[in-house]
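Protein chains in written order, with the numbering used here: chain A, 26 to 512; chain B, 57 to 418.
Just to be clear, a hint being listed does not mean it is correct.
[Unchecked claim] If you want a taste of the chain A side facing chain B, the calculated C-beta under 10 angstroms gives, among others: (1) F71; (2) Q97; (3) E235; (4) V261; (5) L379; (6) E489; (7) S505.
Just so you know, these hints were derived from the structure itself, not from any lab. Even glycine gets a Cβ: it sits at the ideal position worked out from N, Cα and C.
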Amino acid sequence: MDHFQTYLASLAHTQGRAVRSASVRHRRLSSEPIVLLPWQLGAEPFGLAALAWGSRSDEYSFFVAGDPRNRQLAFDALLPFASWFNVQFERPWATRQPSSRGRRQIEVALTSPQIIVANAAALELLGRLGRRLAYLPADGDPRPDPALIRLGRHLQFVGRDAQIPGQQLAVVLTELLAAHWATPLSGLESASLGALDGYIEPPSGLHGFEAAAAAEMESIGPVPSGEDDSMLEPLVGAFNAARAGRVDRSTVEPLLRPIVGHYGPRIDRGWVLVWKCLSRELAFAEADSCSRRFREDCHRYSEHMEWLGRGGLRRTRETPRQAAMRKRELEQAQQILDAEEATDDPLRIITHQLSGKAVTGCVVDVDLDYFETPGLRKVQRPLVTIECDGQVSLARGRELYWASDAAGPAWEIFDVQNSSTVDRARVVLKHLTSRKRRRPSLGENVCFSVFHTRKPYQLALSREAPWTHVPAAPGPGPTSLEADEVA
Amino acid sequence: VRVLAAYAEHSDCALASVGFAVGADFDRLLLGTKYQASFGQSPFAFARGKAFEKALARNGYDPVFRLLREGLAFDLTDTRVANLRRGFPPNREGLKLRAGETRRLLSAIATGDAAAPNLIDGAVLEANVGGVRAFFEADSLAARSQGRIFTGEVKSFPVVDGRADPDKVGAALDQAAIYTQLTRNTVEAMGGSGEVVSSEALLITPRNVGLTPILSVKDIGRRIDRAERLLARAPNLSDLESRIPEKLNLGAVARVGDEPVRRLDVLDAIADSIGTRYRPSCLTHCGLSRFCRARAFAAGAPALGGSQLERSLSGVASLDRAADLATGAPPGPDEEPVARQLSRAARLYAAQQVRPVGKGQR
Numbered sequence: 026m027d028h029f030q031t032y033l034a035s036l037a038h039t040q041g042r043a044v045r046s047a048s049v050r051h052r053r054l055s056s057e058p059i060v061l062l063p064w065q066l067g068a069e070p071f072g073l074a075a076l077a078w079g080s081r082s083d084e085y086s087f088f089v090a091g092d093p094r095n096r097q098l099a100f101d102a103l104l105p106f107a108s109w110f111n112v113q114f115e116r117p118w119a120t121r122q123p124s125s126r127g128r129r130q131i132e133v134a135l136t137s138p139q140i141i142v143a144n145a146a147a148l149e150l151l152g153r154l155g156r157r158l159a160y161l162p163a164d165g166d167p168r169p170d171p172a173l174i175r176l177g178r179h180l181q182f183v184g185r186d187a188q189i190p191g192q193q194l195a196v197v198l199t200e201l202l203a204a205h206w207a208t209p210l211s212g213l214e215s216a217s218l219g220a221l222d223g224y225i226e227p228p229s230g231l232h233g234f235e236a237a238a239a240a241e242m243e244s245i246g247p248v249p250s251g252e253d254d255s256m257l258e259p260l261v262g263a264f265n266a267a268r269a270g271r272v273d274r275s276t277v278e279p280l281l282r283p284i285v286g287h288y289g290p291r292i293d294r295g296w297v298l299v300w301k302c303l304s305r306e307l308a309f310a311e312a313d314s315c316s317r318r319f320r321e322d323c324h325r326y327s328e329h330m331e332w333l334g335r336g337g338l339r340r341t342r343e344t345p346r347q348a349a350m351r352k353r354e355l356e357q358a359q360q361i362l363d364a365e366e367a368t369d370d371p372l373r374i375i376t377h378q379l380s381g382k383a384v385t386g387c388v389v390d391v392d393l394d395y396f397e398t399p400g401l402r403k404v405q406r407p408l409v410t411i412e413c414d415g416q417v418s419l420a421r422g423r424e425l426y427w428a429s430d431a432a433g434p435a436w437e438i439f440d441v442q443n444s445s446t447v448d449r450a451r452v453v454l455k456h457l458t459s460r461k462r463r464r465p466s467l468g469e470n471v472c473f474s475v476f477h478t479r480k481p482y483q484l485a486l487s488r489e490a491p492w493t494h495v496p497a498a499p500g501p502g503p504t505s506l507e508a509d510e511v512a
Numbered sequence: 057v058r059v060l061a062a063y064a065e066h067s068d069c070a071l072a073s074v075g076f077a078v079g080a081d082f083d084r085l086l087l088g089t090k091y092q093a094s095f096g097q098s099p100f101a102f103a104r105g106k107a108f109e110k111a112l113a114r115n116g117y118d119p120v121f122r123l124l125r126e127g128l129a130f131d132l133t134d135t136r137v138a139n140l141r142r143g144f145p146p147n148r149e150g151l152k153l154r155a156g157e158t159r160r161l162l163s164a165i166a167t168g169d170a171a172a173p174n175l176i177d178g179a180v181l182e183a184n185v186g187g188v189r190a191f192f193e194a195d196s197l198a199a200r201s202q203g204r205i206f207t208g209e210v211k212s213f214p215v216v217d218g219r220a221d222p223d224k225v226g227a228a229l230d231q232a233a234i235y236t237q238l239t240r241n242t243v244e245a246m247g248g249s250g251e252v253v254s255s256e257a258l259l260i261t262p263r264n265v266g267l268t269p270i271l272s273v274k275d276i277g278r279r280i281d282r283a284e285r286l287l288a289r290a291p292n293l294s295d296l297e298s299r300i301p302e303k304l305n306l307g308a309v310a311r312v313g314d315e316p317v318r319r320l321d322v323l324d325a326i327a328d329s330i331g332t333r334y335r336p337s338c339l340t341h342c343g344l345s346r347f348c349r350a351r352a353f354a355a356g357a358p359a360l361g362g363s364q365l366e367r368s369l370s371g372v373a374s375l376d377r378a379a380d381l382a383t384g385a386p387p388g389p390d391e392e393p394v395a396r397q398l399s400r401a402a403r404l405y406a407a408q409q410v411r412p413v414g415k416g417q418r
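Pulled out of the complex, with its shape left as it was, chain B reads as follows (with noise of 0.2 angstroms):
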């Protein structure tokens, strides 16, 4: 689900769908050539993260169901989990087989079965996204009482004063919300109502310095919404790979043997034919990222410097071109607005002079 949601902020760059398509990992493509990713997660946040997931998973998830016992006046009188990481083989025959328990796990809740779970841990979810179906793994939880699913998220970012990391909350509840999102398609697809699921999220995260748990939780109503319309535009997949020519694929440029320059000529002219979307927050996500900017610097677009920026320039193709503009070339209709301002800032800005003064000076 993380990865899906990390495409889900990109699903308006073709590049991007067509890897999400095929499942290429965009983190090790570029591995050996100059823009190879710079990602990968620290080996000790990966061990505080597991440490953490651990710590509430200790004697049946008691932890969890203390948590939802007194944040959210759970009445569990009996706590059955349903653990979807185990007894599955890990491979994409297992994430079916997955697919279909989550499925039935989730009707038992829905139909108000009395021996369905109270807690699945590991779900697997199935989705299409831009004609293609695919499998998602959630590496959070799914809680239902009183026939209402609640999704959650367990994240090891502390909370401090009641407190977290603005940012990283976002993207946890971001998350939670493609998770939920999921989750209700499922239900519906079996005839059930999107409804039963909450639209109120569990947030798991610790406390203080230490690993004690704490539920947060929160209303992702409006991001829900959110993640329903990024995939919704998802471009159609199978359009986009037909416009590849033949001779080009993505697996020519995962070739760590190749030449890079002859890797990244490829991935170029399938950039050219489909087209990418930059902007600054795929440094954050996307493994291309550092391509697709060297791609949108040689080009200079806008976006280079953000939203801020691509809007203060609506109608100028290009950074040179608003340069030219500032210095009195003739603008076009569309440029005309900006080209005004852009010449009067630089009769202001040639005006002053800036230099820095000697040592005495100061």
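In isolation and in its complexed conformation, chain A is listed as follows (with noise of 0.2 angstroms):
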């Protein structure tokens, strides 16, 4: 942890209450996400046993399974979701236009859905579910649903994609809490919502650390407290009992209400939860770069839907290249996204300040005359001089992006002239460019930092694995979950 989080979770500590650890929100929040509250039925890792859904605060639906172990039971509880969300996420796929990506043309949706969870063990829920879903045997017994195939694709498309820094198609709430606001509370403790929540705006009267310890008790799932299992048990007993091993709607419907009883308010609970949560951040301004990254959102989202349409199907095992590929890609992802909080946000800089990654200053100075000579020609290199706080400890020559051109030419640290008598220091930087941009002006507050948001050039990865241990075949392709389903 870097001495700034320190400082803000010791202020958090002292204040009694959460303190904003960004100045700006870095995702951007649909006005009208898929909101998904999923419960799990013990350490049952396929076993859906309720979920709410819904696009507003006051509205929700849910539906429970009675018993999630039973696929019919499972698969029929499923349906009513599957048909509304296959709608709701497909829907921004209707307004598209031609686009181009490197050589090839391409279709792109004008706007991306957004799936809201609580958090992480939801995602990883939901991801596991499409999995299972997205390669039931279209011909099997009893024959699955379309809907319910076409759900699966898009769950493991939205939890494969949410592997990528900074992507906005799922947004993990306790990830996004953590990520704007500073506590003391460990990263075990910050993966409740309600712990988080808690910390942020505890009741009046009440220590943020105490807010967390009793919310933290109260799950708002995916998996259940033993007390919570510990009570559904008997009901769950009492319905398969009751049903007899019948699955058909007509019987078990009636049955489930006990179930229903017991999932009603803790979804109540969680709902609440999750779009208080949502309001307070939506009152934060966005930052600048959600909108590149919205792009990115809406491209993949796209190439997805166009996959799909096509009856493509996705590998559940990367090969070798795919493997490294989606590393280059993730590493990329996340050195951008790096780079576009720190530059977005004043508050994201301070870490970087602390740790000679950055500094921040009042221009005193601006020499637009100076020449150098690095080769036959004399060449402009604008100067410019900042007074910041604090010592600098960066060395010259070091190379600096000004934040509000990130993606243009960088400038070299010139010379550096810490004080000997106060806490603060004139840094000269130079551009390294000749050329006509916007540079900062006299008593501007400007920030320098080794962030650059350019995408970095890359060598294209060989179509061969490059070593001599390769299988002979390749690996299967993706295959269905159930054909070990014990019976």
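Join the two chains, each given in its own frame, into one complex according to the hints.
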């Protein structure tokens, strides 16, 4: 943990409530998101016991499966949700325009859907469900509804896409809050949306710690507490006994009431909390770079829809080449996200100022008439002098980028004068271009850092794996997870 | 063994050590107080685990032997199973008898006895932790082939597309490491070589949606070394007990009928006399974790936020002190490096204004 985060954690502890660690919101939040609140049955990895869904704070739909260990009950319960979700998720694809990516001509949706979940475990559960449903054998017995398979492919895409740093197709609220508020809560405690909310907005007279400790006792899923499941177990037992092996909806529906009664208050609690957190974050201004990442989201969403339209399947295990490319994609996305957040947000940059990766200050001199002769020709190299708070440990020659032109040419540290009497420094920066560009002006507060938002040039990966131990045949394609099911 | 694996992670905590030594059930110790543990396994999770174990034990453990043959090329022409879960009384005496039987079976394997079992289910191992001898029931399997002993863990979390939850795999392998270490100690105590116990663990889990078992073989050499270190650092428990004032004991804390405040006062006094070592990972294992966390909060302990926060406040006693240093309190010699950074962070933060915008401004 860096010293800025450490300071904020101590500040939150002494103030008794969380403090903001970002001055803007670094994720775009849709005005009409798809909010999903799932519950799992015990440790059943694919057992979606209940799910609430909707796009409004004052209205949601939900189902309970009864006993999701029974495949027919689980799939029947999912069907109304699948029909709703598929329509919502595919709606943005209806409005698209031609675009190009490299040499390829593609169609890109003008907007993308957004899924909101309370915590990472919820997204993992939905991803697992997606994996299960995506490859259900279409000719299986009983034959699965095509809407379930389609739902599975969407959820599988969302689960995988969520790994991309900065993406906004799926927003995990605990991660969103933890990235924008500082508390002394541990990583484990921060996985509870209730605990985070308690620390951010504790009831009057209560310290954030106490509010968080009280809130974390009330789970909002998906993993139930032992206590929750102990209450549920007799209800499921009675439900199974009463249905006596029958799975038809007319028999099952009336028997579900006690289980609905169990989940109802828990879902109510979770729904209110999710929308409360969403609405609080919406009140902060959106960071500038969200729109670029939103365009990227639209591209990936469009590729998914286009691929799905062609009946394409996705591998469940990557080839070595795909894994290498994926790793590069994730690393590059993280690098650009770090740069964008740092240049968008004067609070984010403080961490980097303290670690010597950025300087901020007021421009006290601009010299546009400075020239150098690096080769045969004399070229203009404008100099800007800034006065900084604190000593500066950046070395001469280090390349930095101006936050207001983070994709532009680099600046080089030309001189650093640390004051021997006060905790201040003067830094002279040299622009490594003579082209006409906007440059800092006298009296302006500026930030220079090591972060730039240009995509680095990358060599293409070899088509063939460059090592000898290559399997003779490619691995099997995606298979149904149902094949192993024990009756 | 699961209890021992959980304790091993906190063997530097004096309170956990005392509880471990006297066999206190920390999950129930604070029942009826505001810090009562919210543990307790989901009955559905329990049922899933049992169903998987039952599936493995079917037809004389045939699914397990099939995995061993196919996955490890075990040369098992005949299958001999010793199931120590049956035929012994379910009490301490039973554990003692099972520990003796486990020793006898391990000795038979180590000496190459042809009649020795290929598979032991429900072994009980005896160990000395912090000067206290105790019995540990393995909720896993030991298999042998060609004179080598392999320990195995049976877990009901699934492997999908060749992958499983890394946290769960890690916890299972940590348990297997403790089991392996205890087995080695037992074999060595009988004059055999610990090397006969393999440093490869067998992890048996279901595949995909159903309960079809698959076998994964994992090298746990480093985890075994770590388990050995963790168990060795357990403090001497009689020393700790001697530091607890005579009038105070955990029995007084456990009395559910007594005033909760009084019970918590006793526990506070015990914790004051021997000390605790709270860290956030306690929340997943220890029934006293919420009590210790409240103490850490009252003291403003940096450990509240985890090891990273603790490390970054090296030399600073508390979060309150960190906040003071940030606002210009004169630092002590140990605090100097951190104080400089904190006060600069505070200055830079103060220069920024953060507030929500009106809806129209978004």
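Status of each hint after checking the structure:
1. F71: Cβ of F71 of chain A sits 6 angstroms from chain B, so the hint holds.
2. Q97: It is violated, given that the least Cβ distance between Q97 of chain A and chain B is near 13 angstroms, above 10 angstroms.
3. E235: holds (8 angstroms)
4. V261: holds (8 angstroms)
5. L379: holds (6 angstroms)
6. E489: With a minimum Cβ separation of about 23 angstroms from chain B (threshold 10 angstroms), the hint on E489 of chain A is violated.
7. S505: Holds, about 9 angstroms.
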